[in-house]
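Chains A and B are the protein sequences, given in the same order. Counting from 1, one number per residue, gives the positions in the first sequence under my numbering. Counting from 1, one number per residue, gives the positions in the second sequence under my numbering.
By construction, these hints were calculated from the structure, which means they are not laboratory data. For glycine and all other residues, C-beta sits at the position ideal for the given N, C-alpha and C. Possibly wrong hints are sitting among the right ones.
Restraint ranges, calculated between C-beta atoms of paired labels, are given here [said to hold, decoys possible]:
| no. | chain 1 | residue 1 | chain 2 | residue 2 | range |
| --- | --- | --- | --- | --- | --- |
| 1 | B | T112 | A | S73 | 39 to 47 Å |
| 2 | A | S73 | B | S52 | 35 to 43 Å |
| 3 | A | S95 | B | N65 | 22 to 30 Å |
| 4 | A | G16 | B | N65 | 45 to 53 Å |
| 5 | A | N18 | B | D77 | 44 to 52 Å |
| 6 | B | S52 | A | S95 | 17 to 25 Å |
| 7 | B | E3 | A | P39 | 16 to 24 Å |
Straight-line Cα separation of at most 25 Å, DSS-like style, residue types lysine-lysine; simulated pairs [said to hold, decoys possible]:
| no. | chain 1 | residue 1 | chain 2 | residue 2 |
| --- | --- | --- | --- | --- |
| 8 | A | K57 | B | K100 |
| 9 | B | K79 | B | K42 |
| 10 | A | K70 | A | K9 |
| 11 | A | K57 | B | K2 |
| 12 | B | K100 | A | K71 |
| 13 | A | K70 | B | K100 |
| 14 | A | K9 | A | K83 |
| 15 | B | K45 | A | K9 |
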Amino acid sequence: DGGITQSPKYLFRKEGQNVTLSCEQNLNHDAMYWYRQDPGQGLRLIYYSQIVNDFQKGDIAEGYSVSREKKESFPLTVTSAQKNPTAFYLCASRSTGQGNTIYFGEGSWLTVV
Amino acid sequence: RKEVEQDPGPFNVPEGATVAFNCTYSNSASQSFFWYRQDCRKEPKLLMSVYSSGNEDGRFTAQLNRASQYISLLIRDSKLSDSATYLCVVNTPRGDSWGKFQFGAGTQVVVTP
Numbered sequence: 001d002g003g004i005t006q007s008p009k010y011l012f013r014k015e016g017q018n019v020t021l022s023c024e025q026n027l028n029h030d031a032m033y034w035y036r037q038d039p040g041q042g043l044r045l046i047y048y049s050q051i052v053n054d055f056q057k058g059d060i061a062e063g064y065s066v067s068r069e070k071k072e073s074f075p076l077t078v079t080s081a082q083k084n085p086t087a088f089y090l091c092a093s094r095s096t097g098q099g100n101t102i103y104f105g106e107g108s109w110l111t112v113v
Numbered sequence: 001r002k003e004v005e006q007d008p009g010p011f012n013v014p015e016g017a018t019v020a021f022n023c024t025y026s027n028s029a030s031q032s033f034f035w036y037r038q039d040c041r042k043e044p045k046l047l048m049s050v051y052s053s054g055n056e057d058g059r060f061t062a063q064l065n066r067a068s069q070y071i072s073l074l075i076r077d078s079k080l081s082d083s084a085t086y087l088c089v090v091n092t093p094r095g096d097s098w099g100k101f102q103f104g105a106g107t108q109v110v111v112t113p
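The shape of chain A in the complex, shown without the other chains (with noise of 0.2 Å):
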């Protein structure tokens, strides 16, 4: 079936730690974007990417990174510098044009421990 994997689905950090967290898409969508999602609060916009091999900072990149070497690809790594990542991450994918939807994978939780 189409559609956007992420894994893994929960993950616990240690203070001082990176760590990576996955998104594959089969839809063979060009743009690829990472939100975070904070209780109460609209999803934010991470990283996005439109092409690959290229990728834009988000509202809140800083303590984030991104690639993008493969279209179906754009893994997150959620560095040390970033200082609450406690939160609902969400991968999502979309294709050429405006107006056409975006489309989400079952997002990742971390939590710092």
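Here the structure of chain A is known, so what remains is to put chain B in place on it, guided by the hints.
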């Protein structure tokens, strides 16, 4: 002022009743509008796009009021399974073909027996 605002609720609705709620957006240049449904601890899923003339999908009706810059969602004959958080999503052009998605924090609906 937030770019996309929603009443967080909860809207407590008896089964079989009708519930309606709005979402306001601040940028008059916004062009695409969507309602997503998000269940607890799950990813958002597209419920319906919102068209200028208004549109209906079964028990769900969406309306767009560009003059007052809001969209609305009405749910008729509410089912227990309609209990969820409903996210308003707005796409605003920004000089490329992609635009920027902005998310409301969601309106919680609780349907009671």
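These are the hints, each one checked on the structure:
1. T112(B) / S73(A): 39 to 47 Å: 43 Å, holds
2. S73(A) / S52(B): 35 to 43 Å: 37 Å, holds
3. S95(A) / N65(B): 22 to 30 Å: Once the Cβ atoms are compared, 28 Å apart, the range 22 to 30 Å for N65(B) and S95(A) holds.
4. G16(A) / N65(B): 45 to 53 Å: Holds: the Cβ-Cβ distance is about 50 Å, inside 45 to 53 Å.
5. N18(A) / D77(B): 44 to 52 Å: 50 Å, holds
6. S52(B) / S95(A): 17 to 25 Å: 22 Å, holds
7. E3(B) / P39(A): 16 to 24 Å: Holds - the Cβ-Cβ distance for E3(B) and P39(A), about 19 Å, lies within 16 to 24 Å.
8. K57(A) / K100(B): Measuring from Cα to Cα gives roughly 12 Å; hence the hint holds.
9. K79(B) / K42(B): 19 Å, holds
10. K70(A) / K9(A): 22 Å, holds
11. K57(A) / K2(B): 20 Å, holds
12. K100(B) / K71(A): The given pair, whose Cα atoms are some 20 Å apart, holds under the 25 Å limit.
13. K70(A) / K100(B): Distance of about 23 Å is within 25 Å: holds.
14. K9(A) / K83(A): At roughly 21 Å apart (the allowed maximum being 25 Å), K83(A) and K9(A) satisfy the hint.
15. K45(B) / K9(A): 17 Å, holds
Consistency note: the structure conflicts with none of the earlier hints.
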